[in-house]
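S.K.: For reference, the chains in residue letters:
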Amino acid sequence: QKEVEQNSGPLSVPEGAIASLNCTYSDRGSQSFFWYRQYSGKSPELIMFIYSNGDKEDGRFTAQLNKASQYVSLLIRDSQPSDSATYLCAVNGGSNYKLTFGKGTLLTVNP
Amino acid sequence: DTAVSQTPKYLVTQMGNDKSIKCEQNLGHDTMYWYKQDSKKFLKIMFSYNNKELIINETVPNRFSPKSPDKAHLNLHINSLELGDSAVYFCASRNTNYGYTFGSGTRLTVV
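So the sequence lines, in the order shown, correspond to chains A and B.
The numbering of the first sequence is our numbering, which starts it at 1 and goes up by one.
The numbering of the second sequence is our numbering, which starts it at 1001 and goes up by one.
So here's chain A without its partners, still in its complex pose:
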């Protein structure tokens, strides 16, 4: 069974701090990795994707991938209360058609 693991949280950080969200995956053949944000009662929205080892930055968000360790992370700099949401890690395995999701990490940013 191919799995994606995340700490369920809640992860609580003060406003302005860096929030660090982590994800591990079991399928070594995984090719692409995604972070989705889901506000309560809303649908997931894509915020970052990464294919290659290393870092990828987009505004306040940085995705980090280490395929050898089967680990992907999301850093949110200068966290804002509006970043409070559940963050879902998703992994595209050997089949390009299927995304497997982790159970999500609830992030709370306190003003």
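Mixed in with the good hints, there may be bad ones.
Residues from chain A shown here face chain B by an in silico Cβ test under 8 Å; the list is partial [as the list claims (entries may be wrong)]:
(1) Phe-34
(2) Phe-61
(3) Tyr-97
(4) Gly-104
Note that these hints are calculated values from the structure, not bench results.
These numbers come from a predicted model, not from an experiment.
Quick reminder that beta carbons are idealized off the backbone N, C-alpha and C, glycines included.
The hints should help you fit chain B onto chain A, whose structure is shown.
M.R.: What follows is chain B alone, placed relative to chain A:
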């Protein structure tokens, strides 16, 4: 225009009834999905169609039957509804970067 639209947004029904959820995307994508999100926010894939062909059929009771009349539409019919079917059902279509665009979800409550 909404990229991926689902109807209805809310569905409350009694056990034993049959119901359908409809999904349409105007993004021109070939691949569409149904995901189920339980009360703990876990997103689990159910079905996927690529250009009207069923390509993913996870372990789902056969009371659930998807139908794709064309590549822009993917419907989900559920027979003999059970209490455990209560969840949020998300439709999604696949972007060229292999990530998904989700619909707004259908909250199904079986009483």
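S.K.: Next step is simple, just say for each hint if it's right about the structure.
M.R.: Structure-based check of each hint:
1. Phe-34: holds (5 Å)
2. Phe-61: violated (14 Å)
3. Tyr-97: holds (6 Å)
4. Gly-104: holds (5 Å)
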